[in-house]
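*Asks:* Residue numbers (our numbering), protein chains in the order written: chain Z, 1 to 402; chain U, 1 to 427.
Treat the hints with care, since some could be wrong.
Cβ pair distances, simulated, as ranges [said to hold, decoys possible]: (1) A247/U <-> N142/Z: 27 to 37 Å; (2) P246/Z <-> E176/U: 51 to 61 Å; (3) A151/Z <-> G85/U: 21 to 31 Å; (4) Y146/Z <-> V77/U: 51 to 61 Å; (5) G278/U <-> E351/Z: 40 to 50 Å; (6) T104/Z <-> D392/U: 50 to 60 Å; (7) D392/U <-> S101/Z: 33 to 43 Å; (8) G85/U <-> Y146/Z: 51 to 61 Å; (9) P31/U <-> N142/Z: 52 to 62 Å; (10) P246/Z <-> D368/U: 37 to 47 Å; (11) E351/Z <-> T145/U: 38 to 48 Å; (12) A247/U <-> Y146/Z: 51 to 61 Å; (13) G150/Z <-> P31/U: 26 to 36 Å; (14) I118/U <-> A151/Z: 51 to 61 Å.
Okay, the calculated bits of chain U under chain Z, using three or more residues with CB under 8 Å as the criterion [as the list claims (entries may be wrong)]: (15) 130 to 144; (16) 189 to 197; (17) 416 to 426.
Bear in mind the hints are in silico, worked out from the structure with no lab data behind them.
None of the values given here were measured: they were computed from a predicted structure.
Idealized CB from N, CA, C, for every residue including glycine.
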Amino acid sequence: MFTTGSKILIGSSVLATVAAIVYGISQGEAIGIVGLISAAIALALLAGFNVWARDSNLSATDTTGIATSDAAIEPPGASIWPMVFGVGATTVLLGLVTQQSIFTIGVVILIAAGAQWMVQAWAESASSDRRVNADVRDRVANPLEYPLLGAVAVGIIAFAFSRIMLWLSKTNTVYAFVILATLIALIAFFFAFRPSVKRGAISAVLGLGAVAIVASGTAAGVDGERDIHVHETTTTAAVEGLCASPEKGEFDEKASQTVGTKSSTYTITLTASDELEFDVPGPVEVGAVAMVLPRSNPNNIVFRNDSDEERRLTYDFRALTEDEIIEIEAAKEDESHGGEGESDEEHSTVERFQQCTTLIEPGGAQLMTLLIAEPSISPSNDDEAFRFFVPGTDAELEVMVP
Amino acid sequence: MIVRSATSDLQPPTTKMQAVNSTTTVNSVTPRARIARLSAVAMLAAVVAGCAQDAPQDTWQPAGSNARQINDLDIWVFSIAGIVGVAVFSVLGFAVWKYRDRGQPIPEQTHGKPALEIGLTILPALILIGIAIPTVGTIMDLNKTDDTECIINVTGQQWWWEVDYPVQDGCGGIEEPIVTSGQMVIEAGSKVLVRGTSRDVIHSWWIPRLNGKRDMVPGRIHTVRLEADEPGIYAGQCTEFCGLSHANMRMEVIAMEPDDFAAWKANQLEAYASPDEGTLAAEGEATFITQCSRCHQVDGLTDSGGELVVARPDQNVWSGAAPNLTNFMTRNTFAGATWNLLSNECWPDVWEADSSEVGAAYLEGVSDSCLNEVELREWLRNAPAKKPMYTDPESLEETDGLPRGMPYLALSEDQIDQLIAYLLERK
């Protein structure tokens, strides 16, 4: 009853089922079980199909059958797409029990393989000539395949290149980029001036280059990005409670490079005698002792450090509420447990809502954007609020917000 | 146009058809001619409108040194442009008429006339130099800030202007910031520097009779000079399309004598006085605290516990600001200076007052008898129905649920009565 081919497939299906049961009992891991059960189902389907077709065997005496059977007609060429489609289906199933990205990849494979399979099957019915059928298929599929494959290839190479760049140190990325660009230019010149070079050689060089980049990118991606240092900013400094400190925090020797806005800014300068002076767009209000800043509007303020010490400029909004303090402390606690092992000594209790620049080198400047929502008549305006000050000095500047 | 056949009077009709033609009126106006006539009438109307004398936003009627400089430059540039235009069109017309196609042979073709070409290069260059020198000089003069005598900040937002006076020795001395909206009060003859910005989109500040327009860009601060020769009220409006109610974003500059200006400043900084207990205004104060004070600041207002009431428009309006109503009835327009607070009967007493009297008239503020209660009531009843604004709660996703403009507050008529009574004391 069962043909030889069917017996192999049925046996394989049973084997996969048994393996799934054994694996499930011994390992209990879902991915393996799903894979094995998928294989068992696929093999069972193939076995059923084979039983129905009886291995396409015909009796040797049935000469008519031999001449007219489907097997006697020139079969279509081998196709990889059913297998790819199966891989896609398996990937979709795996993605369902693991993660969405695998599921998405599976869907993409499924759609691509399905489309290719259908186009190929459609083209194979065009005529009995394989070459003609192949042309028909190419005419339909190539206009879509080439741009898509080109985009995918460029995307893979670009992504791999980006991994390499992120893996190298900042300095080495420059060297790598220069060397690679030079290499590409030289090879291009070589090919341009030697038109006699065989096409195969050009393809080989380009292929090798692409493989090298993709392989290097994969290795770099696996190894991970370089340690990218996050610079202290006016926001982080405030949360870390550094604004009231004249020393803590990171000294930014390139702070002046952050000043991109050269006009429409207020300027606050710490003089050599540790006093704060301010300048505003247009003439300074004559005799003004307080700086008046508009409410609910971002104010661009450049802090210029003309003293001979590293200094920061701090703006004090108000005292934090108890709830806010608890919230900040809890956030810090979480961060120190999950972070890189910073010691608790580095944290100071934040009691006031402040915003500040980083520590600025003597002669340096940094831009701070300040949005003050409350007016200075606010009940939260205690003695310390609504003022700029420079930690470590007596310099301060009253702020009025109408 | 109806015309009668000209031939009918000269010769008697000889045929039946001619007889019919001779007595039939013919409408000879073609559609093209009709359009041409309508266009001509429209153009004439536009030209004639330019001659209007009663035009509060007429840049051709400068009322200060800055606007006068612009006007002088305009006259010079337009004169040159006019002469050039007349000359070019005259020569063009002459050439077209003189050399029109009458079947004559094509004249001799020549190539290049160096003297003419050089002349036609040098002449425009000289004309442009003649325009550029006074233009650049005027631009530089209008950007001077070193002679400032008073600094006033303006901040645009959809769709009103906030005006604040920072602490300074200028403006005759200001010891506490003054915040108002819609109307800027200045001292006549004083060189004022306006520092402007915006809280949301680009707006443009323009008081045509006092200076040119200046865009106010969020995140930037722009300066513009103002100076009024005489006391008076000078109207303006936002001149950069800024959204739904751009046309309703107006402003005025009120110039007054130094003494009047000093009185205005003193009044603006007067301590807050609560309404007398048991009055409608006192009820209005309570209503104001519950319904209005989330956005509108009244300096010095305290709640029942004695705590200062601080508005937080930053939490309730997309722009982050709402007009300060501390001295609401000292100004005479509201809602982006779009509607008058003064009734039609009282409005001319201030707006059409002689320059010697306008300051005193303005300082009187808006009294109960002069209040334009109808429109103020309409505004309080349903502000978005009166002035188009983005306040529909259903369509505020882009602004995190915050309205742009004053929303509908569902105030009862009693609450509106109370609020009007309370606001009438804000001066």
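*Asks:* Are the hints correct? Go through all of them and say.
*Replies:* A quick look at each hint next to the structure:
{"no.": "1", "hint": "A247/U <-> N142/Z: 27 to 37 Å", "result": "58 Å, violated"}
{"no.": "2", "hint": "P246/Z <-> E176/U: 51 to 61 Å", "result": "33 Å, violated"}
{"no.": "3", "hint": "A151/Z <-> G85/U: 21 to 31 Å", "result": "57 Å, violated"}
{"no.": "4", "hint": "Y146/Z <-> V77/U: 51 to 61 Å", "result": "60 Å, holds"}
{"no.": "5", "hint": "G278/U <-> E351/Z: 40 to 50 Å", "result": "45 Å, holds"}
{"no.": "6", "hint": "T104/Z <-> D392/U: 50 to 60 Å", "result": "38 Å, violated"}
{"no.": "7", "hint": "D392/U <-> S101/Z: 33 to 43 Å", "result": "40 Å, holds"}
{"no.": "8", "hint": "G85/U <-> Y146/Z: 51 to 61 Å", "result": "59 Å, holds"}
{"no.": "9", "hint": "P31/U <-> N142/Z: 52 to 62 Å", "result": "57 Å, holds"}
{"no.": "10", "hint": "P246/Z <-> D368/U: 37 to 47 Å", "result": "59 Å, violated"}
{"no.": "11", "hint": "E351/Z <-> T145/U: 38 to 48 Å", "result": "41 Å, holds"}
{"no.": "12", "hint": "A247/U <-> Y146/Z: 51 to 61 Å", "result": "55 Å, holds"}
{"no.": "13", "hint": "G150/Z <-> P31/U: 26 to 36 Å", "result": "58 Å, violated"}
{"no.": "14", "hint": "I118/U <-> A151/Z: 51 to 61 Å", "result": "58 Å, holds"}
{"no.": "15", "hint": "130 to 144", "result": "violated (count 0)"}
{"no.": "16", "hint": "189 to 197", "result": "holds (count 3)"}
{"no.": "17", "hint": "416 to 426", "result": "violated (count 0)"}
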